[in-house]
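Engineer: Listed here are the chains, written in short residue letters.
There are 4 protein chains.
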Amino acid sequence: MYTSNTNIRIHYALTDQMGVVYYGNYAQFYEIGRTEAIRQLGFSYKDLEVMGIIMPVVETNSSFLRPAKYDDVITVKTILQELPIAHSIIFYTEIFNEANKLLNKGSTTLYFIDSITMKKVNMPDFFLDKLKKYFK
Amino acid sequence: MYTSNTNIRIHYALTDQMGVVYYGNYAQFYEIGRTEAIRQLGFSYKDLEVMGIIMPVVETNSSFLRPAKYDDVITVKTILQELPIAHSIIFYTEIFNEANKLLNKGSTTLYFIDSITMKKVNMPDFFLDKLKKYFK
Amino acid sequence: MYTSNTNIRIHYALTDQMGVVYYGNYAQFYEIGRTEAIRQLGFSYKDLEVMGIIMPVVETNSSFLRPAKYDDVITVKTILQELPIAHSIIFYTEIFNEANKLLNKGSTTLYFIDSITMKKVNMPDFFLDKLKKYFK
Amino acid sequence: MYTSNTNIRIHYALTDQMGVVYYGNYAQFYEIGRTEAIRQLGFSYKDLEVMGIIMPVVETNSSFLRPAKYDDVITVKTILQELPIAHSIIFYTEIFNEANKLLNKGSTTLYFIDSITMKKVNMPDFFLDKLKKYFK
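Protein chains in written order, with the numbering used here: chain A, -15 to 120; chain B, -15 to 120; chain C, -15 to 120; chain D, -15 to 120.
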């Protein structure tokens, strides 16, 4: 299992008139969590795009347990439960507040796509190699 | 079954550097679809809030089949498959492009909450009454 | 002078915890107003991009007089006060609520840029021709 | 003069199909810069709201010199050039990339408003006291 944590401070733009974070904005927290999970492996999602691989989201789901609020510092925990095989990768996300209460959890499935041909490709070997040590 | 259609034109803010609509923005399309589905029953979600009932999202999921693009006019089809019972309501959403291709589908579960006590309440009777004729 | 009106319904995502539209979201209303002002001339901003011309914003300013609120239908009035010359175009925007009260006004300056060379270019002739009849 | 710096990493949601940060998203950077400028004085904007003071934006302007791009870490420099008097405060903002190039500059005027009466009030004394040492 590979796990990564990232902190995000909630700014005003993310709230709505219920006085909490708008439900649609959690997708951004998931994205930031995934990006930092990759960066902590030693390269960046941006590097992947420069190499000609993009990772569009094909499926996401999210459960809202408690609201995140303005100025909260949330912790986005991003988890790979299994070593990805072939062209697909699933990130699990759990979001906690400063009192370590679980606010939200969900998962996101992305494909590896060649940005020229727009066809599915396997996860690059150097990505797989970075992950292998977490799964044995 | 109750079904409602709404059209949305994609503006620049909704796109990202992949040249398609950012995955997190579909939650807004789902929201607009739900709001217009309620309005077409003869009242508005705003009316509900004025009456002291808010409807936070507790769960959502979404599958991305084809990308929506800048300046597309998408059709958001919002469906109630079952008459809601008690404090919970599930909206199904299907999003089509102008060629009637399915771009995205998903569902969203919301609770009816008293905005003073913040406790779950049953769907208001007048809301239920408006829906009954679609389910027999 | 060339003037165009567009209506926008305020959805939940656009509000913040002050119970009004977040100040940063007016830029989207300005954008939609500009886009529809161009469309009402008989072509689209998307057409311009396909032709290899992009129009990045180089300057914007905005005054907030009264708040827009959830579920309001605002009218975005977009105005060209002068026939653009050379590579620059200024759109003035005024936003009204349903009671015809002015909520917000501002202006945005954009450049015409060749999307290959990324150099400034003059406004295309067919664009200028569409506008000329409004300025004499 | 009072100056504060904050860093922000650009995530995907902030980009648009021009491959740069959408112009409307700079308002969020300005907001985050203002919030952190206040926090670095020893209290938070959230504290002000709890005390019954809100600070709506009444005017903003912004010049776009160079684009911010995906995964850039930008530095938001927030400046008070003058000690605020009465009910109004002007924050100047300059945004730099990692090469210390100026990407964007602008200013934002906010009012101090009593959240109950919705009337203008003077800047609270404790806020003024925190600032005085920077202006002599």
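For the record, the hints were derived by calculation from the structure and aren't laboratory data. Warning: the hint list may mix true and false statements.
The list treats identical chains as one, so a pair stands whether inside a single copy or across any two.
Claimed, not checked - Listed below are the simulated BS3-like cross-link pairs for lysine-lysine, each with C-alpha atoms no more than 25 Å apart in a straight line:
1) Lys61 <-> Lys103
2) Lys103 <-> Lys89
3) Lys120 <-> Lys103
4) Lys117 <-> Lys85
5) Lys53 <-> Lys120
6) Lys53 <-> Lys103
7) Lys116 <-> Lys53
8) Lys61 <-> Lys114
9) Lys61 <-> Lys120
10) Lys30 <-> Lys104
11) Lys85 <-> Lys114
12) Lys104 <-> Lys85
13) Lys104 <-> Lys61
14) Lys85 <-> Lys120
15) Lys103 <-> Lys117
16) Lys85 <-> Lys30
17) Lys116 <-> Lys104
18) Lys53 <-> Lys117
19) Lys30 <-> Lys53
20) Lys85 <-> Lys116
21) Lys120 <-> Lys30
Every value quoted in this text rests on a predicted model; they were computed, and no experiment measured them.
Engineer: If a hint holds in the structure, say so; if it doesn't, say that too.
Structural biologist: Outcome of the hint check:
1. Lys61 <-> Lys103: For Lys61 and Lys103, the Cα distance exceeds 25 Å both inside one copy (30 Å) and across copies (29 Å).
2. Lys103 <-> Lys89: between (30 Å within a copy, 22 Å between copies)
3. Lys120 <-> Lys103: neither (30 Å within a copy, 46 Å between copies)
4. Lys117 <-> Lys85: Answer is neither; intra-copy 30 Å and inter-copy 40 Å both fail.
5. Lys53 <-> Lys120: neither (39 Å within a copy, 38 Å between copies)
6. Lys53 <-> Lys103: For Lys53 and Lys103, the Cα distance is within 25 Å only across copies (19 Å; inside one copy 40 Å).
7. Lys116 <-> Lys53: neither (37 Å within a copy, 31 Å between copies)
8. Lys61 <-> Lys114: For Lys61 and Lys114, the Cα distance is within 25 Å only inside one copy (19 Å; across copies 37 Å).
9. Lys61 <-> Lys120: within (21 Å within a copy, 45 Å between copies)
10. Lys30 <-> Lys104: Within. Shortest intra-copy distance 18 Å satisfies the 25 Å Cα cut-off; inter-copy 28 Å does not.
11. Lys85 <-> Lys114: So Lys85 and Lys114 fail the 25 Å test inside a copy (31 Å) and across (34 Å) alike.
12. Lys104 <-> Lys85: This pair counts as between: shortest inter-copy Cα distance 21 Å, intra-copy 38 Å.
13. Lys104 <-> Lys61: Neither way: Lys104 and Lys61 sit 27 Å apart in one copy and 29 Å across, limit 25 Å.
14. Lys85 <-> Lys120: neither (30 Å within a copy, 43 Å between copies)
15. Lys103 <-> Lys117: neither (28 Å within a copy, 47 Å between copies)
16. Lys85 <-> Lys30: Classified as between: cross-chain Cα gap 21 Å, same-chain 32 Å, threshold 25 Å.
17. Lys116 <-> Lys104: within (22 Å within a copy, 46 Å between copies)
18. Lys53 <-> Lys117: Neither: 37 Å inside a chain and 33 Å across chains, both beyond 25 Å.
19. Lys30 <-> Lys53: Between copies only: 11 Å across chains, 30 Å inside a chain, cut-off 25 Å.
20. Lys85 <-> Lys116: neither (31 Å within a copy, 39 Å between copies)
21. Lys120 <-> Lys30: neither (28 Å within a copy, 46 Å between copies)
Violation of the numbered hints given earlier is confined to hints 1, 3, 4, 5, 7, 11, 13, 14, 15, 18, 20, 21; the remaining hints are satisfied by the structure.
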